[in-house]
Structure formats: structure tokens, C-alpha cells
Amino acid sequence: MANEPPRDPVKYVETHVYLPYHYVAGDSRAGYLRALKDKKILGSKCSKTGKVFVPPVVNSPESFAPADELVEVADRGIVTTFCVVRIPVTGRDLQLPYVAASVALDGASVSIFAPIQECAPDAVRMGMRVEAVWKADGEREGSHEDILYFRPTGEPDAPQDSYIHRL
Amino acid sequence: MEQAQTMEFPYKHSTGQTVGRFLAGLKEQKQIWGQRVAGLGVVVPPPGYSEVDGSEPGEWVAVKDTGVVTAVAVVRDPVDKLHPFSTPFAYILVRLDGADTAMAHVVKDDIHAVKVGSRVAAVWAPDEARVGSMRDIAHFRLVP
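Protein chains in written order, with the numbering used here: chain A, 333 to 499; chain B, 1288 to 1431.
No lab work stands behind these hints: they were computed from the structure.
Positions of the beta carbon are idealized from the N, C-alpha and C atoms, including for glycine.
Careful: at least some of the hints might be erroneous.
[Stated by the list, open to error] In silico DSS-like links for lysine-lysine, alpha-carbon gap of 25 Å or less:
(1) B:Lys1402 - B:Lys1314
(2) A:Lys343 - B:Lys1395
(3) A:Lys369 - A:Lys467
(4) A:Lys467 - A:Lys383
(5) B:Lys1351 - B:Lys1368
(6) B:Lys1299 - B:Lys1351
(7) A:Lys383 - A:Lys371
(8) B:Lys1317 - B:Lys1299
(9) B:Lys1299 - A:Lys343
(10) A:Lys383 - A:Lys372
(11) A:Lys343 - B:Lys1317
(12) B:Lys1299 - A:Lys383
[To be verified] Interface residues of chain B toward chain A, partial, derived using beta-carbon atoms under 7 Å:
(13) Gln1292
(14) Lys1299
(15) Gly1326
(16) Asp1387
(17) Thr1388
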């Protein structure tokens, strides 16, 4: 019998990750998703600070005060921060490179995540003004995917102090 | 409003010297190896260092493929692709003969008879089916 295990290690262990999710939206998120079908983006306003959170929240994660007053925000805004992704993800069919951005919509105090298209990745910058490109009428389902992506509007960049606290 | 979505992807862990050689022992030698480490004795599977004082491990120690159940949890309703079997089975911790710590594995048969203190023995996968995985031991079985 050997004194030790074999000299050559087995290099990898392969496992298969299988995660079925069944997501059930609460009233707040359901309202937000339903409004997307009508090309409306909803946020909610903190009763204490007036900050507008998108998607809507029931209580402010910052002040903990109720934030159930719904407000509509624009489907255009400012790129606050972004990253250019050049690495593929196993199991996903993505065209590389792509730009994943945070967009502060006009009227919102925080950013949402969105892809940026119709723009060379090298041209994306903080402060770039963008607008949503929606799925066509009849194709929207009340889902995050109803907004396909954001594209530059061509307007002058927003000044830094207008978005730097809304990352 | 609800949505069903599945995330499914292969995951490849690199093992390193310690776990890699332990797995090679299962595959090639049908042998379970532990390491003697400070403060704990013989640890199976081998950790590569002492979790008590961080010191380098001592010698490799061959342990038997039989041992004592120290904990058991029966899974009555296995989840497809998550659990190793589609019929009810039991997770166990088994302290193999020669080891000072217990190792996680499974019992497939007579699961309601498995208790803390039960003696079990490994059922190995056939030579050609062993790949260097904990499942080179297919499962443990109760021994009388």
C-alpha cells in the first residue's frame, strides 16, 4: 500500500449549477413592471427626504421613512457610471463588447442598471445624456426587458454636479 | 406578477495540491486519505493546513472506508439536479476508522435505519466510473 496519495493531483472538480427561480413580485414591484408596459417608469418618493427611488420602494432604504408616494420619472437621463464588458459568460449568448451602465433618469435620485447601445463603447462617458429604446407596442409584457437599451441623445453632457450624487 | 427563470451553468473548481491528491487517491487507489494536523489529529478530507494554528500539515494518513455516523439528515423530497438522487436519501457525517474528524457523504438505502452511531461502509463506483470526485464513493451503506 502506498504511503501517500498519487503525486499527480486531479486538477478540477466539475459541478453543474442549476438554479430554478420562481420570482413573485410584491405590489410595489408589480406596479412598476405593469407601468413599463405603458412606457411609464415609476419611482417612489421618500416622505422624509423627498428622494425618489426607482424602482419604487415601500420604505426608504436610507431614512427608513415610508416612501409609498408614486411618481413618474422620465425615460431619459444621464449615464452616471458604466463599465465595458469584454469577457464572455459561459451559458449566455452576449455580443461583446457591451456597455453596462448606471443611468440616473430625470426625476430619480438613484440610478438604474441599463445596457447602452447605438454607441461605440469607447464613446460612453459619465454625464452622457441617453434615452430609452422601448420594445414595440404590442411586444411589451410588463417586464424589465420592455426597455431594450439606452442610446445617446446627442445632447451636451450633463454637468458633474447634476449626477455625481445619483450614482 | 411572477416569472420563472432558470440559471444553469457548468462550474469548474480548481482543486490545488491537497484536495487534488485526495481525489486522485479515490480515483486511482480506491483509498481515502487524511492529513495529520496540529490540534485536530487526522483530518478527512485533508485541509492542507491546521485550522487550529495555521501550521503546515504533517503526514498523509490512509483511513479505512468504514466508519461511524455522527450526524444524519434525511432528504424526503429530493430536488431535481440539486440532490444526488431522485428518491429519498440521507446526508451523513461519517467519522471513518482512523480519522478524527467526520466527512460528509450520503446513504442511499435503509435510510430510516441510519442513526448517529450506525456503522457504515463505502460503496465504491466501478474502476472505469471513478473520475476523481467525492462521488467515486457512490454512497455509504449500513453494515450490520
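So, going through the hints one by one against the coordinates:
Between B:Lys1402 and B:Lys1314 the CA atoms are separated by roughly 29 Å; this puts the pair beyond 25 Å, and the hint is violated. At roughly 28 Å between alpha-carbon atoms, A:Lys343 and B:Lys1395 are farther apart than 25 Å, so this suggested pair is violated. Distance check on the hinted pair: A:Lys369 and A:Lys467 sit about 9 Å apart at the alpha-carbon level, within 25 Å; holds. Simply put, A:Lys467 and A:Lys383 have alpha-carbon atoms about 29 Å apart, too far for the 25 Å limit, and the pair is violated.
For the suggested pair B:Lys1351 and B:Lys1368, the alpha carbons sit about 30 Å apart, so the restraint of at most 25 Å is broken. Of the supplied pair hints, the one linking B:Lys1299 and B:Lys1351 is violated, its CA atoms being roughly 29 Å apart against a limit of 25 Å. Using a Cα cut-off of 25 Å, the hinted pair A:Lys383 and A:Lys371 holds, with the two alpha carbons roughly 22 Å apart. For the hint pairing B:Lys1317 with B:Lys1299, the CA-to-CA distance comes to about 23 Å; that is within 25 Å, so the pair holds.
Taken as a hint, the B:Lys1299 and A:Lys343 pair is honoured in the structure, with Cα atoms around 10 Å apart against an allowance of 25 Å. About 19 Å separates the Cα atoms of A:Lys383 and A:Lys372, which keeps this hinted pair within 25 Å; it holds. Distance restraint check for A:Lys343 and B:Lys1317: the Cα-Cα separation of roughly 18 Å lies within the 25 Å cut-off, and the hinted pair is therefore satisfied. Restraint check for B:Lys1299 and A:Lys383: the C-alpha separation of about 44 Å exceeds 25 Å, so the hint is violated.
Here the hint on B:Gln1292 is kept, as its CB sits about 5 Å from the closest CB of chain A, short of 7 Å. This hint holds: B:Lys1299 has a C-beta 5 Å from the nearest C-beta of chain A, less than the 7 Å allowed. For B:Gly1326, the shortest C-beta to C-beta distance to chain A is roughly 22 Å, which exceeds 7 Å, and the interface hint is violated. Below 7 Å, beta-carbon pairs count as interface contacts, and B:Asp1387 has none with chain A, the closest being about 18 Å; its hint is therefore violated.
This hint is violated: B:Thr1388 has a C-beta 17 Å from the nearest C-beta of chain A, more than the 7 Å allowed.
In terms of the numbered hints stated before, the structure departs from hints 1, 2, 4, 5, 6, 12, 15, 16 and 17, listed from lowest to highest.
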